[in-house]
Amino acid sequence: MHIDSSDHLVRAMPAYCRRGSTNAVVTAITIRDVPDSTLAALKVKAAQSGRSLQAYLLDLVTREARTPTLADMMARLDRETQSDVDTSDILAAIDEGRKRR
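Straight run, no breaks: the sequence shown in full-length UniProt numbering ends on number 101.
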C-alpha cells in the first residue's frame, strides 16, 4: 500500500495510520533520572550492535517482556513433569535390569 505523504488528509492522520495499519498503537516510554554513566554504556552497546539507542532499548525491553517469570517457569515445570511413577517403581525397574545381566 502506497500513501502519498503530500496529501493534506494523510498528513493529518496519526503516524500509525500513515504506515498502513489501522489498528497499531505506538506507545512512548520515558525513563527519568538515568545516570550519565548508564546512558553512556547503553549508547556504546547500541553502537556495537549496529543499532540506534532506541532500537537497542526496544529490543531489550521486548526480550524482557517475553521472558517468562520464575513463577511462570515453575508452573510450567509442575505441569510438564507430573508422573504416575513413584520411587518404588523406579527401584523395581533398576532391580529388574540388574537381574537380567
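One or more of the hints may lead you astray.
[Said to hold, decoys possible] If you anchor each label on the Cβ, the simulated ranges turn out as follows:
#1 Val34 / Asp78: 47 to 53 angstroms
#2 Arg79 / Leu58: 27 to 33 angstroms
#3 Leu42 / Gln82: 22 to 28 angstroms
#4 Ala28 / Thr87: 53 to 59 angstroms
#5 Met73 / Arg98: 48 to 54 angstroms
#6 Leu91 / Ala55: 35 to 41 angstroms
#7 Leu58 / Arg32: 15 to 21 angstroms
#8 Asp36 / Thr87: 56 to 62 angstroms
Derived from the structure by calculation, the hints contain no laboratory data.
All C-beta atoms, glycine included, are put in the ideal place defined by N, C-alpha and C.
> Which hint numbers doesn't this structure obey?
Replying inline: Of the numbered hints given earlier, those the structure breaks are 1, 3, 5, 6, listed in rising order.
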